[in-house]
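Protein chains in written order, with our numbering: chain A, 1 to 495; chain B, 1 to 495.
Just to be clear, a hint being listed does not mean it is correct.
Cut-off 25 Å, straight-line C-alpha distance, at most; resulting in silico cross-link-like pairs (SDA-like, lysine to any residue) [as the list claims (entries may be wrong)]:
(1) 236(B) / 305(B)
(2) 346(B) / 444(A)
(3) 346(A) / 460(B)
Away from chain A, derived, C-beta distances all over 10 Å, residues of chain B [claimed, not checked]:
(4) 64
(5) 215
(6) 222
(7) 322
(8) 438
(9) 451
These are calculated hints, taken from the structure and not from any lab test.
Backbone N, C-alpha and C fix where the C-beta goes; we use that ideal spot for every residue, glycine too.
Protein chains: 2
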Amino acid sequence: MTCPPPPATDHHMDAESFRRHGHEVIDWIADYLYGGVDDKPIMSRVAPGEIAGMLPEAPPTTGESFDSILADLDRVIMPGLTHWQNPNWHGYFPANTSGPSILADLVSSGLGVQGMLWSTSPACTEIETVVMDWMAKALDLPECFHSTPGPGCGVLQDTASSASFVTLLAARERATEWRTNREGLGEVNPKLVAYTSNQAHSSIAKAAKMAGMGEENLRLVEVDENYRMDPTALRKMIEADLADGLVPCYVCATIGTTSSVAIDPIQEISEVTREHGIWLHVDGAFAGSAAICPEFRSMHDGLEHADSYTFNPHKWLFTNFDCNCLWVRDREPLVRTLTVMPEYLKNAATESGQVIDYRDWQVPLGRRFRSLKLWFVLRHYGLEGLQSLIRHHVALTESFEAMVNAHPLLELSTPRNLTLLCFHHVDGDAATEAMHHAANAGGEVYLSHTKLATEDGERYVIRMSIGQSRVESTHVEHAFEVLAAAAQEARRSQG
Amino acid sequence: MTCPPPPATDHHMDAESFRRHGHEVIDWIADYLYGGVDDKPIMSRVAPGEIAGMLPEAPPTTGESFDSILADLDRVIMPGLTHWQNPNWHGYFPANTSGPSILADLVSSGLGVQGMLWSTSPACTEIETVVMDWMAKALDLPECFHSTPGPGCGVLQDTASSASFVTLLAARERATEWRTNREGLGEVNPKLVAYTSNQAHSSIAKAAKMAGMGEENLRLVEVDENYRMDPTALRKMIEADLADGLVPCYVCATIGTTSSVAIDPIQEISEVTREHGIWLHVDGAFAGSAAICPEFRSMHDGLEHADSYTFNPHKWLFTNFDCNCLWVRDREPLVRTLTVMPEYLKNAATESGQVIDYRDWQVPLGRRFRSLKLWFVLRHYGLEGLQSLIRHHVALTESFEAMVNAHPLLELSTPRNLTLLCFHHVDGDAATEAMHHAANAGGEVYLSHTKLATEDGERYVIRMSIGQSRVESTHVEHAFEVLAAAAQEARRSQG
């Protein structure tokens with residue numbers, strides 16, 4: 001039997017064109033990442049609507065040449081970018097890329113396999129489990145998070161937001177013995193409460209809202225003078241809630257808060273959570289990478305008592321976004337919370353119980369081959385390479401700290417934590433803000449800000465975050481010169 | 001002032017190595033995608049643990065050469081892959097890739113920008129809004145989903161699971177006037193109910209569970225003989241729930257169910273949802289791509305009354321995973337549901353109210369430059385190219401349908417929908433299942449299965465899904481030959 005001849009389908013890019021254009025794109029990226037990006041104003045200067053206004057209102061009827069598409073990267077896209085890969089980027093946290101990571105992501109796109117089930121590409125699942133074990137060993141995480149012998153295990157998520165959300169769900173379900181999942185939160189227990197410090201990332205509040213628990217049922221625990229969660233305050237809150245008949249189900253401690261990289265005391269917090277059987281989640285999104293170096297691992301003290309731990313290689317570990325690592329000490333609550341098994345996904349491997357189906361560990365069903373990035377990065381750099389880079393960034397930050405300490409107009413707002421320095425102008429908030437805007441305005445450096453509580457209220461502080469893949473001492477020195485000039489200018493104009 | 005000299009950091013891949021290895025990876029992908037993949041058994045044949053067993057137990061201390069990493073793609077990864085890009089892939093749904101999409105994703109990895117806020121890379125946000133408008137026009141979606149004049153707008157998500165989840169959250173919040181977000185579902189209204197057909201994707205049940213509504217509060221509406229939601233049954237369910245004092249808040253209709261690509265009658269369903277002010281979400285994850293062609297757009301009848309619509313270019317529109325399109329007729333409920341604004345993310349552009357910050361439209365905070373993929377695909381193929389390919393796939397499926405109809409041992413289980421054909425062995429379930437396993441066992445083709453309700457119970461059916469990027473009539477004919485032989489064998493061995 002034969003089909004009738006179908007219409008011609010010569011619309012795909014052919015093999016030779018793919019090779020040629022692929023090489024062009026690689027070269028375009030090399031030109032950008034290894035030099036070109038350094039000369040551009042870091043923050044895009046376009047006005048709202050300016051980039052959109054450069055495009056036609058409708059897609060083309062007939063296909064365009066790849067050359068014209070590639071040309072638009074320079075014409076349309078470039079002016080609208082804020083350059084996170086410029087080594088003068090000191091805003092937010094780094095969002096590091098690296099050669100091996102970019103190429104691994106390319107392999108993932110090219111293979112185009114789906115890792116939703118073990119059976120839909122076993123390598124996609126097994127490399128992930130192995131690499132998560134490698135990473136657990138690289139960070140010297142407690143053995144309870146290793147996949148062997150279980151029940152602990154690691155899994156990749158897109159972001160720490162998702163990792164915190166799915167662990168909150170598992171905690172919610174464990175506390176209600178999975179009745180929420182069937183019957184609904186309101187019908188089961190309207191009194192679940194979660195806890196995190198008032199310095200925790202906004203994703204924890206978002207998670208509480210999404211989970212249907214309500215933001216008011218997320219208690220924001222007081223912090224000490226260095227912005228670390230106060231375990232005594234946590235204990236008092238939990239005990240008061242228990243006395244009121246509420247059900248504490250989740251505590252999120254932070255290793256490296258977003259504002260100031262404060263490190264919550266996990267050991268003391270875990271004493272409270274263990275006493276009351278509360279899920280302890282630890283969010284090390286940014287700072288977690290530092291544990292590659294033994295000298296920074298004391299921040300993990302007590303982690304062996306946590307139920308889950310997460311950090312983002314896509315921040316400070318040379319692995320391009322998105323790549324978040326999540327470990328759980330027991331996979332069963334997470335999987336039980338997220339599993340739904342329709343007929344069309346049933347398969348022999350799943351039914352054997354011998355394999356992991358990572359779809360049951362995350363919000364989406366589908367999954368790309370994301371672990372290739374971590375595999376390539378760990379192998380390319382080796383532990384020594386990663387340690388050397390992390391130490392280099394910390395040393396650069398120590399240098400910057402010394403410069404701030406030596407400058408009469410600048411003052412540290414809180415002690416340095418790893419590679420983040422919060423500082424302000426001695427003339428007060430207006431001067432700090434003016435100095436901040438002036439420093440960024442030139443486009444040569446970029447720093448972001450936050451507000452930190454003080455005895456008198458709160459203070460506007462500038463965050464110097466060091467850790468872009470290619471940052472060197474010249475960039476840090478340059479940033480300090482720009483900031484020092486802005487500080488002088490702020491004193492003059494405010495005076 | 002100068003920094004003390006930092007430790008040497010020559011661990012990064014240098015520019016010349018990135019170019020050279022980048023070209024190698026491009027060529028490796030070209031070899032795989034344009035031929036190499038065709039010769040491999042489609043389903044991986046490894047046993048559980050076999051791939052993991054090929055790796056060392058710990059990451060290397062010192063970095064390895066890129067050549068050794070690349071070599072392991074062939075040695076370790078390849079045997080563990082199930083080849084979704086083989087043109088003999090007819091399982092689940094297609095997960096199409098294409099040259100322009102892969103290269104666009106590479107650009108995104110290389111740029112390494114964060115699109116969480118407009119200000120953190122304006123192009124990342126604005127290209128997305130424009131491309132979502134382009135896509136809305138390409139599919140002839142109702143104007144209520146266009147970004148101009150608003151309040152409708154499109155946004156990219158990773159998967160339809162996430163799109164359905166965030167719209168369910170917005171519906172939950174709208175129905176409780178956002179009190180859930182603050183006070184928690186249980187304290188506000190334990191009686192929210194959602195509806196979808198008993199053929200809907202498992203992600204809807206997962207969403208109801210994650211949202212804290214409980215799976216039992218998701219009503220599974222009966223379907224007609226062609227597996228389409230019965231609007232009369234929906235109306236009765238809603239009216240009964242209202243009479244019981246419950247609060248219906250969300251209906252998910254499906255355009256192209258996973259089992260059989262059944263298309264729910266949106267127009268009639270929308271009459272019910274409008275009457276009662278219920279959020280209508282339409283999930284066109286797979287079939288939505290067909291609306292590129294005017295002749296398939298009748299499936300959208302009534303879509304102008306929906307609150308949200310989603311489909312996956314990463315299935316059938318030559319855009320590699322992950323790439324899901326979500327449109328809402330009013331952005332406000334979604335944004336209000338997902339917004340949390342900490343100090344460290346505040347910026348002038350956001351405060352001006354003139355820009356979109358897409359972080360407030362999704363579960364995660366961070367975002368990669370995902371719209372580049374769609375931009376490249378729409379421009380490379382043009383609407384005519386995409387239409388031609390979609391029509392080609394439908395024509396191939398019509399041919400396959402004719403072959404099934406002409407074969408004495410095979411029978412259609414339900415009428416063909418677009419590019420999916422469900423069929424079974426006339427000798428019954430045991431024969432169908434035997435035939436299915438035999439056909440897949442050779443490794444030359446791959447089809448998956450489902451179960452469909454019949455008058456007497458349910459039937460095991462084989463799903464022939466046509467739409468892999470490079471599928472041609474030879475592949476479809478070959479699949480039929482393999483299946484026909486397996487059907488004969490099943491009769492013999494069962495007889």
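**Request:** Could you tell me which of the numbered hints above are not met by this structure, giving the numbers in increasing order?
**Result:** Violated: hints 4, 5, 7, 9.
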